[in-house]
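Student: Sequence:
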Amino acid sequence: MAGVGPMTQDWEPVVIRKKAPNAAAKRDEKTVNAARRSGADIETVRKFNAGSNKAASSGTSLNTKKLDDDTENLSHDRVPTELKKAIMQARGEKKLTQSQLAQLINEKPQVIQEYESGKAIPNQQILSKLERALGAKLRGKK
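Each step along the sequence shown adds one to the number in UniProt numbering, with nothing skipped, and position 141 is 141.
If you're looking for bench data, these hints aren't it; they were derived computationally from the structure. A quick note: this is a predicted structure, and the numbers were derived from the prediction, not measured. Quick reminder that beta carbons are idealized off the backbone N, C-alpha and C, glycines included. Just so you know, not all the hints are guaranteed correct.
Within a straight-line C-alpha distance of at most 20 Å, the following computed PhoX-like cross-link-like pairs (lysine-lysine) qualify [claimed, not checked]:
1. Lys-129 - Lys-85
2. Lys-85 - Lys-95
3. Lys-94 - Lys-137
4. Lys-94 - Lys-84
5. Lys-119 - Lys-129
6. Lys-84 - Lys-129
7. Lys-108 - Lys-94
8. Lys-85 - Lys-119
9. Lys-94 - Lys-129
10. Lys-108 - Lys-119
11. Lys-137 - Lys-84
12. Lys-129 - Lys-108
13. Lys-137 - Lys-95
14. Lys-85 - Lys-137
Here are the computed distance ranges between Cβ atoms for each label pair [claimed, not checked]:
15. Leu-104 - Thr-44: 37 to 45 Å
16. Lys-18 - Thr-44: 22 to 30 Å
17. Arg-17 - Arg-37: 19 to 27 Å
18. Ala-25 - Gln-89: 54 to 62 Å
19. Ala-23 - Lys-108: 32 to 40 Å
20. Asn-33 - Pro-13: 30 to 38 Å
21. Gln-124 - Ala-23: 29 to 37 Å
Put together the whole structure using the sequences plus the hints.
Tutor: Have a look at this one:
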């Protein structure tokens with residue numbers, strides 16, 4: 001470009017290029033179809049629970065890696081009997097239904113049912129929400 005003097009024309013060539021394709025462009029449908037036509041190997045993998053919010057309420061992500069690594073026959077921890085009874089008792093004292101309690105803690109009623117039936121895998125976040133909503137201590141020493 002011209003320096004500080006009078007304005008002159010700039011005769012230096014300027015090359016305008018597109019950006020190099022990023023990862024999202026490589027997964028584009030056109031690119032994948034072109035690769036199929038050329039005979040390249042294509043691997044398609046669907047992500048676990050992709051596009052859903054199941055992981056937040058199910059709590060299964062806590063021990064799945066540990067279970068996958070072990071070859072022994074193990075199972076997840078379940079809600080202890082004392083905790084089930086404490087939740088039911090505290091909910092009864094507040095005169096709340098399962099669906100009302102679920103709405104208070106922003107969870108599905110199914111989550112409360114699983115905790116009260118003992119089928120749920122304990123999730124510390126949900127337990128702390130329950131403690132706050134019920135005003136009772138559910139974890140630790142009484």
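Student: For each hint, tell me whether it holds in the structure or not.
Tutor: Hints and how they fare:
| no. | hint | in the structure |
| --- | --- | --- |
| 1 | Lys-129 - Lys-85 | 17 Å, holds |
| 2 | Lys-85 - Lys-95 | 15 Å, holds |
| 3 | Lys-94 - Lys-137 | 14 Å, holds |
| 4 | Lys-94 - Lys-84 | 16 Å, holds |
| 5 | Lys-119 - Lys-129 | 18 Å, holds |
| 6 | Lys-84 - Lys-129 | 15 Å, holds |
| 7 | Lys-108 - Lys-94 | 19 Å, holds |
| 8 | Lys-85 - Lys-119 | 13 Å, holds |
| 9 | Lys-94 - Lys-129 | 15 Å, holds |
| 10 | Lys-108 - Lys-119 | 15 Å, holds |
| 11 | Lys-137 - Lys-84 | 13 Å, holds |
| 12 | Lys-129 - Lys-108 | 13 Å, holds |
| 13 | Lys-137 - Lys-95 | 17 Å, holds |
| 14 | Lys-85 - Lys-137 | 12 Å, holds |
| 15 | Leu-104 - Thr-44: 37 to 45 Å | 42 Å, holds |
| 16 | Lys-18 - Thr-44: 22 to 30 Å | 26 Å, holds |
| 17 | Arg-17 - Arg-37: 19 to 27 Å | 25 Å, holds |
| 18 | Ala-25 - Gln-89: 54 to 62 Å | 57 Å, holds |
| 19 | Ala-23 - Lys-108: 32 to 40 Å | 34 Å, holds |
| 20 | Asn-33 - Pro-13: 30 to 38 Å | 35 Å, holds |
| 21 | Gln-124 - Ala-23: 29 to 37 Å | 35 Å, holds |
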